[in-house]
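Chemist: Spelled out, the chains give:
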Amino acid sequence: MDIFVAKEVTKRYAAQTALNKVSINVPENSIYGLLGPNGAGKTTLIRIINQIIAPDEGELFILGEKLQPKHTALIGYLPEERGLYKKMPVGEQAMYLAQLKGVPKQVALKKLKILFEKFEIQDWWAKNVEDLSKGMQQKVQFIVTIIHEPKLLIFDEPFSGFDPINATLIRDEILELRKNGATVIFSTHNMASVEELCDDIALINKSKKILEGKVSDIKKTYRSNSYEIGYNGYSENLFSLLPGGYTLLEESTADNMLTAKIKLPKDESPNTLLQLVLPHVEVHAFKEVLPSMNDIFIEKVNENRASVSSNLS
Amino acid sequence: MTLLGPLLMAGIFIIPVIIGMKSHTKHDIMVLDETGWFQGKFKNNVDDNGLTFKAFTGTQNAGKDSVKSGKFSSLLYIAKPEGKETPHPIIYSEKQPDINIKNYISKIMNDEVEKTKLTEQGISEDQLKAIKSDVNITTIKINESGQEEKSSTELAMILGYVSSLIIYMFILLYGVQVMRGVTEEKTSRIVEVIISSVKPFELMMGKIFGIALVCLTQVLLWIVLTTTILGVFNTVSPNKLNPTKTEQISNNTNLSATGNQVAKVETPSADKQVGNDILTGLKNVNIVQELSLFILYFLGGYLLYAALFAAIGAAVDSETDTQQFMLPITVPLIISIVAAQAVMQNPDGPLAFWLSIIPFTSPIIMMVRLPFNVPIEQIALSLSLLVVGFLATTWIAAKVYRTGILMYGKKVNYKELWKWIKYKG
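From first to last, the protein sequence lines are chains X and A. With positions in the first sequence counted from 1, the corresponding number in our numbering is that position plus 23. With positions in the second sequence counted from 1, the corresponding number in our numbering is that position plus 1.
Pulled out of the complex, with its shape left as it was, chain X reads as follows (with noise of 0.2 Å):
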């Protein structure tokens, strides 16, 4: 079951519209990426389904229900500009925050210290949050987001800020999240997070959907039949033995070690390729060249935008 639904949502700003009958389906227990350039109007669809903002148009529905305010005690929200109250002791500001979730008060206690002892940030609870350094600051959020166990959660932007470390514990949480039963909905510009968590993706530019589906159909729709070939014992043109209808995408060499991408001819079988060039070399690695969702990001948007100017033209 989809656990959210949104159906032709709109919204209109005074001189624009941020988002224009965009509909998404974000099946349940999946990590589904919200992508999209600068200005897409991802966060105003966050924010909708956030119920900060209301749409002019559209319907939502979570869990099979029309979203009501009531709903927001399934939903864990991280903003991407995120912050704290500055005088305030951590722990009482955690606190507050999760009962503002209806958490009740022992129960917050009880789960906050185990979670400040996970993130190791418990000998701060005392301190006023100016006090904390930015990666703490921003554990703590992350930890009053998940609190009152979401069966939503929504991320924006959620590495911006992290170190490496810290950004690998993020993102840790974020699949065992997922492995406890949750959904997660994160926006983002960081492609390499996409590739490595997300089982759906939706990308939106300039207020339109333009692509949704699961990351391995979208990558299948995008292959182009490449391969990659790293070998050795082969000093000359490589390309040079295949006949025609091949192209060489790509070359290189490291460590002694060399690398060629190859696109096949339509329907041709890698192999065929491998047939070819076996006699010659010494085969150290052979994959099928996938496209990264970055390329992919950048060729959808261009192709919408060159689209959309012909249109006007």
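These aren't lab readings, by the way, just hints derived from the structure by calculation. Misleading hints may appear alongside valid ones.
[Said to hold, decoys possible] Simulated pairs of lysine to any residue, SDA-like, Cα-Cα distance not exceeding 25 Å:
#	chain 1	residue 1	chain 2	residue 2
1	X	Lys109	A	Val177
2	X	Lys136	A	Ile195
3	X	Lys323	X	Glu31
4	A	Lys200	X	Gly106
5	A	Lys420	X	Ala38
6	X	Lys157	A	Tyr409
7	X	Lys109	A	Thr188
No experiment lies behind these values; they were computed from the predicted model shown.
Place chain A on chain X using the hints.
Modeler: Chain A only, in chain X's frame:
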């Protein structure tokens, strides 16, 4: 600050009195009375003015020299006038004598000269005492049930003025605190986290009510503590406090209206009478009614203005930007305080009526009017308009707050705010 406040407030009243009591520099005034009329008439007045009078025997020039050399501080030289003319005394001194001394001497001499002249006309001293009167008016209110209550005009005026001052101060103080809190939440970005759990309206009202309670607690604490401290001081050194201060305050408030200052030299009996009137008047002031109306107007005024302050806080990005919006909001408050004096002079006039009805000025002006028996219908009208007032400002503020709280980087002006108010959903 809660505890410091009353101490400071009481201090404002007490410290000048204490300093005043102790700090009179001693003046020895040598009297060279060539007329001989004022023998023994200049009584030492060490306590109030630090004055001691001593007779001087010698010439005018010798006296002047003694002043120059510092043997005594001043020489009062009364030359024998021509015939029946009034003597024209001269005070020679190193430093300019203060006005109290001049007035004191002047009064004594005036009394003497008057007495002499009257005696010459054939009126004896006893007859004189009988003539001299000290009319002191006792004010008694007759309320509906025909009961008579002793009231005190001075006390009523002071109470009214002080209550309105308190309301003015606290509305400003705590309204600004609401504004600061809202802007802080906006700049620290915590607001987005919070409004994913609660509605913006709830957050705004929570803030307003929370600060209202703090404010009310502090005001009541101040009133209780200040009156306690003043009361203690009054029992310790009675009558030092009330009459002088009463006169001073009514003098100050009358200053611009009448343009002259009542002389500080009062006859002791008048003092005591006023003091007693005040104390009895105090008992008769309907404390419960006054206090409950005070609280109602205070809350109403606060809620009205706090909503507007919250709206400003939500509209701007930082505290420095709040200045341009604060002015229009504080103008009605300032008008109220300035008009308060005029209202005290004419509590039933049109200015007083309209200002005590309009919600923006009514909390302050109505407080000033209350001691002068405002008809109950006017109070009811004023209170209901106040309620309407704060409901209206809260509604406007909610619209501005909801949009402004997430809006960063946009330079906001009134046109923009108007758009936000019209903007639905």
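Chemist: Give a verdict on every hint.
Modeler: Hints, one by one, checked against the model:
1. Lys109(X) to Val177(A): holds, 19 Å
2. Lys136(X) to Ile195(A): Given pair Lys136(X), Ile195(A) holds - Cα atoms ~21 Å apart, limit 25 Å.
3. Lys323(X) to Glu31(X): holds, 21 Å
4. Lys200(A) to Gly106(X): Holds. Lys200(A) to Gly106(X) sits at ~18 Å (cutoff 25 Å).
5. Lys420(A) to Ala38(X): holds, 12 Å
6. Lys157(X) to Tyr409(A): holds, 22 Å
7. Lys109(X) to Thr188(A): holds, 11 Å
Every hint from the earlier list agrees with this structure, and none is contradicted.
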